[in-house]
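Protein chains: 2
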Amino acid sequence: MNTLISLAAVATVSTCLSTSLYAQSPQTALSLMPWPKEVTLQPGFVPVTSAFSIAVSGSGADDARVVHAIPRLLARITRQTGIPIPPAAPPTANHALLSIIVAEPAHSGPQKLGDNERYALTVADNRIQLAADTPLGVLRGIETLLQLIQETPTTPGTAPGFSIPNVVIHDEPRFPWRGLSFDVSRHFMPVPVVKRTIDGLAAVKLNVLHWHLSDDEGFRVESKKFPKLQELGSDGMYYTQDEIREVIAYAADRGIRVEPEFDIPGHSSSFLAAYPELGTGSGPFHVAHEHQPEPDFAMDPTKESTYEFLDSFIAEMTALFPDEYFHVGGDEVSPKRWLANPQIHAFMEEHKMANGAALQAYFSKRVIELVIKHGKHPVGWDEVLNPDLPKTAVVQSWRGQQSLWKAAKEGYQGILSAGLYLDLSYPASYHYAIDPLKAPASPNGGPVGKGPAPGTPADLTPEQAKLILGAEGTMWEELASVEMIDARLWPRLAAMAERFWSPESTTDVASMYRRLETTSEWLEWLGLNHKSNPELMRQRLAGPYPVRPLDVLASLVEPTKGYSRHAERYGIYSVLNRLEFAIPSESDTARRFRNDVDEYLAAPKDQRSSVHLRERMAAWAHAVKELRPMLENESILTENLPLADAVAKLCAVGQEALTYLDGPNAAPADWRKQANVTIKPIVNQRFGDLLIQIGPGIQQLVDAAGR
Amino acid sequence: MNTLISLAAVATVSTCLSTSLYAQSPQTALSLMPWPKEVTLQPGFVPVTSAFSIAVSGSGADDARVVHAIPRLLARITRQTGIPIPPAAPPTANHALLSIIVAEPAHSGPQKLGDNERYALTVADNRIQLAADTPLGVLRGIETLLQLIQETPTTPGTAPGFSIPNVVIHDEPRFPWRGLSFDVSRHFMPVPVVKRTIDGLAAVKLNVLHWHLSDDEGFRVESKKFPKLQELGSDGMYYTQDEIREVIAYAADRGIRVEPEFDIPGHSSSFLAAYPELGTGSGPFHVAHEHQPEPDFAMDPTKESTYEFLDSFIAEMTALFPDEYFHVGGDEVSPKRWLANPQIHAFMEEHKMANGAALQAYFSKRVIELVIKHGKHPVGWDEVLNPDLPKTAVVQSWRGQQSLWKAAKEGYQGILSAGLYLDLSYPASYHYAIDPLKAPASPNGGPVGKGPAPGTPADLTPEQAKLILGAEGTMWEELASVEMIDARLWPRLAAMAERFWSPESTTDVASMYRRLETTSEWLEWLGLNHKSNPELMRQRLAGPYPVRPLDVLASLVEPTKGYSRHAERYGIYSVLNRLEFAIPSESDTARRFRNDVDEYLAAPKDQRSSVHLRERMAAWAHAVKELRPMLENESILTENLPLADAVAKLCAVGQEALTYLDGPNAAPADWRKQANVTIKPIVNQRFGDLLIQIGPGIQQLVDAAGR
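Which chain is which? The protein sequence lines are A and B, in order.
Following this note's numbering, the numbering of the first sequence begins with 242 at its first residue and continues without gaps.
Following this note's numbering, the numbering of the second sequence begins with 242 at its first residue and continues without gaps.
Bound-form chain A, shown alone:
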């Protein structure tokens, strides 16, 4: 039995997977993420034991990244299995369990965009072979190998333990630029957080950490030339240059490029607080500690001294960051202060600039010239696109695919971030559908604005399509603190990573969610705490009460979506400890409930069973009842009393609906109307900053029962 799992053959194969391999015994279901280009599963497996040994050969074997990866691999096998691997004499390729063959040495200098990441992995005949053209390919293959380790299925005559199934994998990425845009200005993220985030990126084969290092709320890098940037432009929380180098080396070791961003001329209050002479007008300028409804601080693009400062600043920072790309922001510049300033106004008239956009184009041109002068490729957000932009620049689109495709048609390289904002709490399935080369759907499922229907392929020539370099998940951190940043990134970022790496045809949402749940678990083994830290946060909220019923309530709700939570009340020192911060962005429980309701309703009436739906709703109702003393007495939780009441009502109505659906008699004529009077104020309604995500499933039951 050979099961060919080439996902190149589109949804047919994916569907086939979910009904054959995936739906079989859990032991044979691989949980690889991102799904490789070609996977052929074969019977049998190789046991993982304390005698695990590795031999590395090929002309790239001495590459530091490969050398460092070996002990890390062994340590991770131990963590994933509990099996200690004692130090052993280096094996030869002949008797090593794992042979790694690295065909080519890496080019000199730091990792470049487009470096070969291909690898082949063969597990057969009690041996494992990982072959790659480059050290980078080895790193990617190691991550796949680690994902293959599973507990051995119980089989007579086979020792209990862990093993790796026999498999042949050929893999390479779809896009060369696969990143996370990581804001550390709104909430500073200390080095250990950045490092564990890099571990996560590497585990799901992302290859760019786009580090958003300055914004209105803080400047986060030590500048030796302009020390006031960190002294006055931050609250003392910034990375020293040594720490920057340490993070870059850590990332490089894991095959991740680090692209810095300093956002100018807008989003630059932290620059102006340090060096007011850069600003429009005389200030006073200050770092934004509170929410700014309309931030309008910006650099003055008309002064030559601004460019002298930036020349010197960019010289320092391009020397600190070895990556070829250097991001200069350029988004959301308010022209208000520019236009209100007589001097700037005069400059614009003199240079025949019709509006703020023209002035920004002038600024962009000057800054981009500086970036190029210092040997880097400039990157900017959509707004930097203008006829003067040199073709070496890269446009990162927060506006959407249309904007990206337009740039590509004009010959510009581009990266997509629209639809990939992790901070907005949309589900993984929404982000999973965002493809840089297809028209997107809106979060609510419809087309975006007047664009083409969702899924319509980009109208680009193959040459133009190649200019679309990839995409970045984007994490803005107004509402994320150190203790729950992991829960905002993971596991949804892994689903995005699959979109950026795997073949275009890898689109089976059910398979994605099944594998995402496993991925989420082993990301915790890697040191991420997206599951465990929210648990601790809920424990904190529960005080002396048993936390379990609160965990149950938490499993049914999600934070409200989009920008609805960015209210005036949040600043960088706001307290983010309420229930909405102590939950994942997406509820697995609610998703499963929705699927089970669909399945229940789709089945012929004589084959339906409502037992599990009933049991779950009963357990939820029980939990919110148990929860009441905690909610009444623990002050931070008390705001959730209406939420708990609403869950109880939903469960009661849901049980009624099932009674009618299961029973011989239809619901009375006005039952549905009455039920809707109860649940309409609940389903899709906000409770503070929370949504009850089992609501839609119960609404479906009501609609079906009352038909």
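Hints in this document: simulated from the structure, not taken from any laboratory.
Errors might be hidden in some of the hints.
Just so you know, same-sequence chains aren't split out, so a pair can sit in one copy or run between any two.
To be verified - List of simulated lysine-lysine pairs, DSSO-like, C-alpha gap at most 30 angstroms:
{"no.": "1", "residue 1": "K772", "residue 2": "K436"}
{"no.": "2", "residue 1": "K278", "residue 2": "K436"}
{"no.": "3", "residue 1": "K544", "residue 2": "K632"}
{"no.": "4", "residue 1": "K866", "residue 2": "K846"}
{"no.": "5", "residue 1": "K606", "residue 2": "K593"}
{"no.": "6", "residue 1": "K866", "residue 2": "K772"}
Add chain B to chain A, keeping to what the hints say.
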């Protein structure tokens, strides 16, 4: 209302606590551990906000330990509450929320045994005052302050958040030596594990890390004079001298002394593997990687070269470790090889030594002279006690209180470790009852051997009693690996810490367990993972199945007790990933069930309710049913099928018993007999290395129902 909670007034007060304060609203129940000498709770509280400010005064204010403690305190408040505390201008004592007054500067040099640890904490009128004689007292008071922070009770007109109840506390320790003996030879524990263990020790006011650095299985310190010790005496896992200094500094900052132990002349295979000339006979000697039923390697006490080596070695190590005390082991020396060696035999005859003990006494005397020569107080296990032992030596007793009291009567200082072996998986209540100044009970509740009845006070004069310096929880690590060491130490070590710190009268077990549960939770906030890591280990065992039913089963069982698990099959590279390693040493669920059964049976029949007992047994039965496919298919778990069946049987019999107990009719005549046929092979029986701890509660129900 002033609630005076002086626990100086013995069990009466404790009992009063458990029925008044502790049993009231959870909000007023303080979860301090160890319980302070005097606690007076008053109405009202001080809110904890982002404006938390600290002023330090007094002539000890500049002590490095105090200076370093302040940012740590703020960071921990943030971790415990989620409230960010932005940097602020240093407040003056006049308007700071927390005033710390340190009366005296510390003496110069490292922390000494007996250094003053007293403090007073007053929370009143929206201010907090922490006053201590010394910097050490400040550290202890800070831990109490952190334990006082709780979620504010919901009160109209009061903002939701966290607060500190108004309280006056006067506190100081009962014993000056309160430690953990920490074996890092059998399983090496890397620096981060040692550091987080130190965090835990400091949090429960322990003050000694007794670091067991060498044993048969490995020598764990870099020696510059004798580098073969780490090169041949370990498998490459050892602390560099820089790391040792780093750990000592880390511990010193937290008020913890670090006492090294190098165990000689027995338990010394790692010495002999490196320097065979130290050994008895010609070897070959090797580090013990596998279990040794009767390890009999020992140094040769008859060669002068042995003492020349030890002189030089002790010189190096006493310089590395600044503590005044230096532990030279001395336990469990097998004379077998000595007596079989003609040369040694001749030496013994020449020196009129009747037996191995006499030869060991000679060795001890020589070694202790060396320790004293290098400026340290020697410490050794029971066996070093002999008439030649100088009075500056300290005897650490693994044999028992009698041994300790005997030493005290002879004028020796002593430390208790008997009854405090964390590796043997006894419950916290057992260890909590172990008092260095009272006769112990055996783990099964009876007296130990022919000793006096449990609880009998030591027959020592006050002067002799003062020689009992304190006690150490003892963790031998044959069966502990990095991933579950925390679960073997915590939370039980916190209960021991209370015994060592709190007044002798603090003995209420129910109160201890209530506070221990809270303590266990906030130890996770501190970075210990005694709860979260076993969860991950169970997740690993569960493979692709939902882990929850396995967690339920895990909550009902405990590892077998005592030395019953130290079988031949364990060596330092054994795989410790089975269920018995993925659970706490003590089951909270089983303990609560036992208590609830007691309460149910003690109540008059018309006031009994079995609802909760029934619900729980139904949930357990349901979980083990759900669990079956996981146990059948995941190979490492398959051995637990009989365990799961046994739980199902116990629950079924328990439900039957409750039916008879609740109902009007007694059980049929032979019911009890039949029930016992079912459960006797289960209750108190081993399932592999596990015990089902709900068994005794169900046995009680059966006994009562069949009466």
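Verification of the supplied hints:
no. : hint        : in the structure
1   : K772 / K436 : both (18 angstroms within a copy, 24 angstroms between copies)
2   : K278 / K436 : within (28 angstroms within a copy, 44 angstroms between copies)
3   : K544 / K632 : within (26 angstroms within a copy, 82 angstroms between copies)
4   : K866 / K846 : between (32 angstroms within a copy, 27 angstroms between copies)
5   : K606 / K593 : within (16 angstroms within a copy, 97 angstroms between copies)
6   : K866 / K772 : both (25 angstroms within a copy, 26 angstroms between copies)
When each numbered hint is compared with the structure, no violation occurs for any of them.
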